[in-house]
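Order-wise, the sequence lines are chains Y and A. Residue 125 in this note's numbering is what sits at position 125 of the first sequence, and the numbering runs on without skipping anything. Residue 422 in this note's numbering is what sits at position 128 of the second sequence, and the numbering runs on without skipping anything.
No lab work stands behind these hints: they were computed from the structure. One or more hints might be untrue.
Unchecked claim - Quick look at which bits of chain Y chain A covers, simulated, 3 or more residues with Cβ under 8 Å:
1. 19–33
2. 36–43
3. 102–111
4. 142–153
5. 175–185
6. 193–203
7. 272–286
What the hints assert, rightly or not - Computed cross-link-like contacts, DSSO-like style, restricted to lysine-lysine with a CA-CA straight-line distance of at most 27 Å:
8. Y:Lys293 with Y:Lys239
9. Y:Lys293 with Y:Lys148
10. A:Lys456 with Y:Lys239
11. A:Lys398 with Y:Lys148
12. A:Lys379 with A:Lys398
13. Y:Lys118 with Y:Lys148
14. A:Lys398 with A:Lys456
15. A:Lys348 with Y:Lys148
16. Y:Lys118 with A:Lys456
Claimed, not checked - Anything over 10 Å on all C-beta distances counts as not near chain A; from chain Y, calculated:
17. Ser53
18. Cys69
19. Thr70
20. Gly131
21. Ala165
22. Leu188
23. Lys223
24. Phe251
25. Arg256
All residues carry an ideal CB built from backbone N, CA and C; glycine is no exception.
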Amino acid sequence: MITVCVASGKGGAGKTSLSAAIAERLGPSCVFADCDVDAANGAIALGAKGTRSEPYFAGPGFEIDPAACTSCGACRAACRFGAIERANGSFRVVPELCERCGACLSRCPAEAIRTYEKQAGELLVSDSRLGMRIVHAELEPGEDTSGKLVAQVRGRAAELAGEDAVIVVDAPPGIGCPVIASITGCDLVVVVVEASASGVRDAARLVELVGSMRRRAMAIVNKSGLNQAMDDAARAMLKEAGIPVAGEIPFDPALRSVEESNRTWASLDGEAATRIRSALCAVDGAIGAFKEKR
Amino acid sequence: MSDAGTTVIAVASGKGGTGKTTVAAHLAIRGAREMPTVLVDLDVEAPDASGYFKGVRRSGDASEVSVLVPRLVEARCTGCGLCAKACRFGAILSIGGVVTIDPKVCKGCGSCVNACPAAALEEIPMTVGQTSSFDADGLAMLEGRMAIGDIRSTAVIEAAKKRAAESRAALQVRDCPPGVSCPATHAIEGADYVVLVAEPTEFSIHDLGAAARLARGRGIRAGVVINKDGFGDADVAGFCEREGIPVIGRIAFERERAASGAAAELWSDDAAISGEMDAILARALAAAGARTVGGRR
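So here's chain Y without its partners, still in its complex pose:
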């Protein structure tokens, strides 16, 4: 099993479009793991169907029983995350801010705090228009355990993938907890660099993270040709970091519409399509090299 993670640092750089195209090129035997669990679009890109859902539990939450609460305020003093607020003379845990550490529970002298299990989202497995299976998820807005859900998505994808299969991981933006969970243990990270000032800066932070995690990386520069200086900046950053460039894809509004016309970037015609195919080919080559080594 080979795992390829598509990440970018900046949002909107083209991660989902590219990972869907990589998956289409790999064919029905690959498994697509959409790890952008709080903004999941892989299912739209690949035409998910026949979706099976199971509940996702994030671990215990905490709540205060107003009948038992003596309003002493010990919970509020114990909470370092500002997640306990006053409510009608008593106190209340704000679930969206709660880190689930349990500090409040252990300090309450009245034993007025109890735990509860609440569904925090859904883990989903779908078939797709293109034949490969998609593992995805929908995190409830405001839930705090995206890294844990990412680990579950990846775990399920690994169960579904055959021994020789490739898993394509579509990572969330940023460089935080769910991104680290998406990259951990991957064989190859495809860094999508948007050819813009912020795209290059954010990708540079991601590249540093990938380096510290000792993952192999290659890059695709996306939305090039809008501004020569930004194209150059993207290339210079990648050269400095020693990351090979699989290809450059020009900015083209027509590319966006394929997301909505039941096609991925892998099955296009025209100038951008040629460039996309050559980038996908380079990614394929890298995956092939991993397969040979095994």
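On the provided structure of chain Y, position chain A as indicated by the hints.
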């Protein structure tokens, strides 16, 4: 209003790359013409707002953000293992009476210290990021920046929010992170109004729905700005109508705007943009219950 005299507008989106930072920067610039304003970059994993200001310079020292993590005082440890039991993040292992702490996954809740009967844990600060203040071509700006490799973005977001509150500006414009999990939640918490930036794609509409639910769940009113209007065919306005979220502005897609946006150039000379930003800000302030709308205090 959150605090006396301060209105907080959070710019969020769900999907990344829809134009949050662009909209937040322009709203802050327009707001600063009317009232003391601070632009607060809370996208601490990918902070980019300062890059929009060519003459940006630091206007004070960077301030380290740290969380308190436990350190073992081995001489006092009895190996009872209660600290490991108290930790719900798996940051402490106790095997055969030997305690090992991984401070990188510690959230700094203090439960272990509280649980230790032998006072064998002391707390030391661990740096997880920093906050910085900038003079952004005359606009006051604050930025949170998480250290690379860290996972405690919310600590950095909260530190930046605290510093923003201390600035006592009449208007705070927050540039929020994408998504709808903990970083986005902390970034919109305490805001008076959420401006949701969407683009006309199916991806954006899907994520906009989640972001709108997040704002609603926290009891914060929200309105949608349709950015890159005309770039795609997806019907954001229709979605907003069905969901009962007002559309408070539109920014038309133009290739030149995409090109200057790529270079992080502001559209300050674009009268159409300035007018639209003024209108968005006025609607946001009115909905936020600000004392004055687009007028002088």
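Verification of the supplied hints:
Only residues whose beta carbon comes within less than 8 Å of a beta carbon in chain A count, and the region 19–33 of chain Y has 0; fewer than three means the coverage is violated. With a threshold of 8 Å between beta carbons, the proposed coverage of the region 36–43 of chain Y by chain A holds, since 6 of its residues qualify and at least three are required. By the rule of at least three residues with a Cβ nearer than 8 Å to a Cβ of chain A, the coverage given for the region 102–111 of chain Y holds, with 4 such residues. For the region 142–153 of chain Y, the proposed coverage by chain A is satisfied: 6 residues have a C-beta within less than 8 Å of a C-beta in that chain, meeting the threshold of three.
With 6 residues carrying a beta carbon less than 8 Å from a beta carbon of chain A, the region 175–185 of chain Y meets the three-residue requirement, and the given coverage holds. Closer than 8 Å: that is the beta-carbon criterion, and the region 193–203 of chain Y has 8 residues meeting it against chain A, so the requirement of 3 holds. Given a C-beta distance limit of less than 8 Å, the hint that chain A covers the region 272–286 of chain Y is violated, as 0 residues qualify and 3 are needed. With a C-alpha separation of about 26 Å, the suggested pair Lys293 (chain Y) and Lys239 (chain Y) falls inside the 27 Å cut-off, and the hint holds.
Proximity of Lys293 (chain Y) to Lys148 (chain Y) is assessed by CA-CA distance (about 31 Å); at most 27 Å being required, the pair is judged violated. Proposed proximity of Lys456 (chain A) and Lys239 (chain Y) is contradicted: the alpha carbons are some 39 Å apart, above 27 Å. Note on Lys398 (chain A) and Lys148 (chain Y): the hinted pairing holds, with a Cα-Cα distance of about 16 Å set against a maximum of 27 Å. In summary, the hint linking Lys379 (chain A) to Lys398 (chain A) is supported, as the alpha carbons are separated by about 18 Å, within the 27 Å threshold.
For the given pair, Lys118 (chain Y) sits about 15 Å from Lys148 (chain Y) by alpha-carbon distance, which is consistent with the 27 Å threshold. Proposed proximity of Lys398 (chain A) and Lys456 (chain A) is supported: the alpha carbons are some 23 Å apart, at most 27 Å. Between Lys348 (chain A) and Lys148 (chain Y) the CA atoms are separated by roughly 40 Å; this puts the pair beyond 27 Å, and the hint is violated. Taking the CA atoms of Lys118 (chain Y) and Lys456 (chain A), the gap is near 30 Å; set against the 27 Å cutoff, the hint is violated.
Listed as a non-interface residue, Ser53 (chain Y) keeps its Cβ farther than 10 Å from every Cβ of chain A; the least gap is roughly 16 Å. The beta carbon of Cys69 (chain Y) sits about 20 Å from the closest Cβ of chain A, which is more than 10 Å, so the claim that it is off the interface holds. No Cβ of chain A comes within 10 Å of the Cβ of Thr70 (chain Y); the nearest lies about 19 Å off, and the non-interface call holds. For Gly131 (chain Y), the condition that its CB be more than 10 Å from all CB atoms of chain A holds, with the nearest at approximately 21 Å.
Against chain A, the non-interface label of Ala165 (chain Y) holds: every CB pair exceeds 10 Å, the least being about 26 Å. In this structure Leu188 (chain Y) is separated from chain A by more than 10 Å, as the shortest Cβ-Cβ distance comes to about 20 Å. Separation of Lys223 (chain Y) from chain A is inadequate, the least Cβ-Cβ distance of about 7 Å not exceeding the 10 Å criterion. Once the 10 Å rule is applied to beta carbons, Phe251 (chain Y) is inconsistent with being away from chain A; the minimum gap is 7 Å.
With a least beta-carbon separation of about 6 Å from chain A, Arg256 (chain Y) fails to lie farther than 10 Å from that chain, contradicting its non-interface assignment.
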